[in-house]
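Read top to bottom, the protein sequences are chains A and B. Counting in this note's numbering, the first sequence runs from 1 upward without gaps. Counting in this note's numbering, the second sequence runs from 508 upward without gaps.
Calculated directly from the structure, the hints in this document are not laboratory data. Predicted model, so just to flag it, every value in this text is computed and none were measured. Backbone N, C-alpha and C define an ideal beta-carbon position, used for all residues, glycine too. Warning: the hint list may mix true and false statements.
Said to hold, decoys possible - Covered by chain B, according to a simulated footprint, are these stretches of chain A (three or more residues, beta-carbon under 8 Å):
{"no.": "1", "segment": "158-168"}
{"no.": "2", "segment": "227-233"}
As the list claims (entries may be wrong) - If you anchor each label on the Cβ, the simulated ranges turn out as follows:
{"no.": "3", "chain 1": "B", "residue 1": "881", "chain 2": "A", "residue 2": "15", "range": "50 to 58 Å"}
{"no.": "4", "chain 1": "B", "residue 1": "564", "chain 2": "A", "residue 2": "194", "range": "52 to 60 Å"}
{"no.": "5", "chain 1": "B", "residue 1": "671", "chain 2": "A", "residue 2": "365", "range": "33 to 41 Å"}
{"no.": "6", "chain 1": "B", "residue 1": "802", "chain 2": "A", "residue 2": "194", "range": "47 to 55 Å"}
{"no.": "7", "chain 1": "B", "residue 1": "824", "chain 2": "A", "residue 2": "475", "range": "50 to 58 Å"}
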Amino acid sequence: MMIEALIAVALIGALVTFIAPNRIAGKLAFAISLVPAALSLWLLAAFDGSGNALLDGELAFESQAAWLEVGDYSISWFVGLDGISLPLVVLTTILCTLAIVSSWTPIDERESQFYGLILFIEANLIGVFSALDFFLWFVFWEAVLIPMYLLIGIWGGPRRKYAAIKFFVYTNVASLVMFGAFIALVFGLGDSVTSFALPEIATAMLDGGPEGLFGLGGTTLASVVFVAMFLGFAVKVPIVPFHTWLPDAHVEAPTPASVLLAGVLLKMGTYALLRFNFTMFPDQVAAYAVPIAAIAVISVIYGAMLALAQTDLKRIVAYSSVSSMGYVILGLVAYTQFGVGGATFQMVSHGLISGLMFMAVGVIYNATHTRMVTDMSGMADRMPIAVGILIAGAFGYMGLPLMSGFAAEYFIFFGAFGSGIPYAPLFTALAMFGIVIVAGYLLFALQRTVFGPYRLETDYEVGRAPVHDVASMVVLLGLIIALGVAPDLIFDMITDAIDPIIQGGEF
Amino acid sequence: MAVLQLPEWTALAPALILAGTALILFLIDSIDPHSTNRTLLAGTAVVGSLSSLAVAVWYTAAGVGATGIDNYGVIDLLGGQFVVDQLALYFMIIIAVVTALVAVASYDYLRDHTYQAEYYSLVMLAATGMSTMAASNSLVTIFIALELTSLPSYALVAILKDNRGSVEAGLKYFLIGAVSSAIFVYGVSLVYGATGSLQLTNIAAVLESGDGAVAEMDGLLGLGILMLIGGIAFKTASVPFHFWAPEAYEGAPAPIAAFLSSASKAAGFVLAFRVFTTAFPLEATTAVIGVDWTLAFVILAIVTMTVGNFAAATQENVKRMLAYSSIGHAGYVLIGLAGLSADGGELVMGAAMMHLLVYGFMNTGAFLFVGLAEYWGVGRTFEDYNGLSTQAPFACGAMAIFMFSLAGVPPFSGFWSKYLLYTELINAAADNTLLLVLAAALVINSALSLYYYSRLVKALWIEEPILDRDSLAQPTALYAAIVAAAVMTVVLLPAFGPIADAATEAAAAVVT
């Protein structure tokens, strides 16, 4: 019942915060969010699962209850955690707490609604990562959209309406494509499946695959579904060329929403890719490995080049997500223990680092009211601690050893280089070149904003960052370094859950 | 397991309680004419409808109308003129729920209104008509129930006597209603002429007997069925008898619009479900008239949902948008009858009934929110609704739930009932590929509807208000009704299993 407790605390907390007066909403939401954060850390300590949740693994904190029958299929409340989902649940609860803290300064209207929505997102994100029934999972998956749409639409920047609608339409259409494909797959599986429980569907897929539907043969159906689902999730990740909603959404979103968007929401896409495409369709992965790897490399390089061309600090960080998520895809398609494990590790690592970067950019923006690299100079003089953390975060992004980004990228490159897909060394080498560009744009940006003489002309004092902002960034930085120094903190549990997937593969 | 043996006529208690409440309200009015004691009047109406709801739920839970050991079985009353089965009870529940919500909301809406007692007793009378309609088992009792629903409704639409729109809407509604009633009753007489019987089960028996006399009357019978469909189309606001709906809903007081678009529509559908499954068994009827009547419903469903949704997408007035969208939803529910041509048709019908129940909450809630906006006097167009959420976050949150649920966005109940409808339709389509077209139309229309529903959410939550408003009042009863509807729209979700079972069983009971 622990997972239910996590979700319930966040949901009830969302309602309580929504009712509370604006004045106390921020502190109240923070206090409430500490409960799931502490609980999820306790889950991490008490974790006793092994293997993969979808492939006959031993689940931790599992619970299942019948819900309803739709046609010949039963739907149940089915949640549980394995080594892949638990780190993401912990990431969610911690980032939500920190996002709440980082909203105290910038959010100054309709606070109770704002914090209520953040807690509502938290509940649904935990649900996405722990649900093991397709319908339950889809309910949480879609329920994340509405609060994020409102967060961007109400508290966002000047072009927020455009960005919010673009975000909603893009991701909702993608979800529908994915939903339709998955339902077709379940119908196509015929009598071997009697419920929407993901483990049952995964087993049926690996035992023989679909029989066919609407005149399509089994193999064709599997390929069509694989591609449709890949496209559906690719938008959420996002992968080039489906990334265009992301910079708009990020730039217009308020800082805490950006933190959650980059930190956790993008991981929903890669998590779903891992759970659905890369666990259930090993044959199709093998068949489409080269194009997927090519897309991953293009995402890495192109995303980094786009970031290089930006002058808005937040846009730079936003585009950098595209290339970081490209690494995740590369790791997944490598289909080796270090590749897939590294990809999962990178999901957590990128969540922490991009969260930190967005917070740092937010803190600087709160103080200076500008994000333009060209306007700023010598910020190190005015806000040394915040800028120090920004630099540390940037180094994490570049993959400085002893920070989690390095470990993640190392695992991915190591796994991808030794992968069985054709031209694997070439793809890996190209992707590694991305690091150079990443270092390039980050150093360019830092050099122009942080160093040199201070020359920002404002009629207000640009001073040090508030303590609570610094504190939340320090927490993130601590986690980044902890995972960088000792990746085994979570990597063992990840590989434990990854191994069954790899063994089901063709190469 | 009967602890207490009740006389048989008490099976109609849900309807009788509503009738009794109407009479009590008349009594109060005669003792204290022009009473403006809103608490007493609205309270009586609410207690009455809640009692009706409680009894209907109790009967359903106790197994009235269900067949099997320990159950009471289907109860025939007055020589088969009425029948209380699960289908009847299921719709009595929907009607009682909507009536209760409307009565609660009217408490605030009618604050400065003069005809308080009349208003509530007319509402209760109309609800009585709807409730009896659910149990009617003969074309005569159906017609009486239909008129008992319609006559108070005409008056209710026009009850804002000083408002030209209201009076005009009432007149329009009355004229179209009268014509439809005439068509319906003409259809009844043609069916009677062809089969020599008015009771639904007897009509079916005559048709199934393959009597040569009926076969000679095939044209007459076919025309009669077509006219019955016309009468039903009016009551459910389906094409081609839909054009009264936007006018009537727009002119009527918002709670009445909610009442008509949710409860009255549900009553129209129970009528359709019962008449077409009980009186005109598909095979026997097809043998006589030579045409499969589900074909009419396939066409009607596609045309209705398309017309409703496309018209809704072009509206600037929120109430009209909701009115057209309610026509679209009538199209979805008509699928329940269209699916009967295939095996597993009772599942499709059960899904359609499920949608009606969910619709009873979300659509009532949406119209009540419009009532709240009218109470505030903020205007009627989308622009007028801009930025309301800054001042009324709760009501606007509830409205966002209604809109997303009506559009069929997960996780709200509207998604589930539409999904249920969709999958059952796909399953049935294995038998009859024509249904695939229907399924495609359902998906396309749902996707389209997201456009105009989300437009309202955007207006409420994201747009800035075009003018400064004074702070808005927070009428307790209207809020209570809206929040209750929103909570139910969400809370139905975990209870979906048992409710879907109840709906499917109720449908299977009449389809067999």
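Structure-based check of each hint:
| no. | hint | in the structure |
| --- | --- | --- |
| 1 | 158-168 | holds (count 5) |
| 2 | 227-233 | violated (count 0) |
| 3 | 881/B - 15/A: 50 to 58 Å | 28 Å, violated |
| 4 | 564/B - 194/A: 52 to 60 Å | 31 Å, violated |
| 5 | 671/B - 365/A: 33 to 41 Å | 55 Å, violated |
| 6 | 802/B - 194/A: 47 to 55 Å | 34 Å, violated |
| 7 | 824/B - 475/A: 50 to 58 Å | 51 Å, holds |
The structure fails to meet hints 2, 3, 4, 5 and 6 from the earlier list, while all remaining hints are met.
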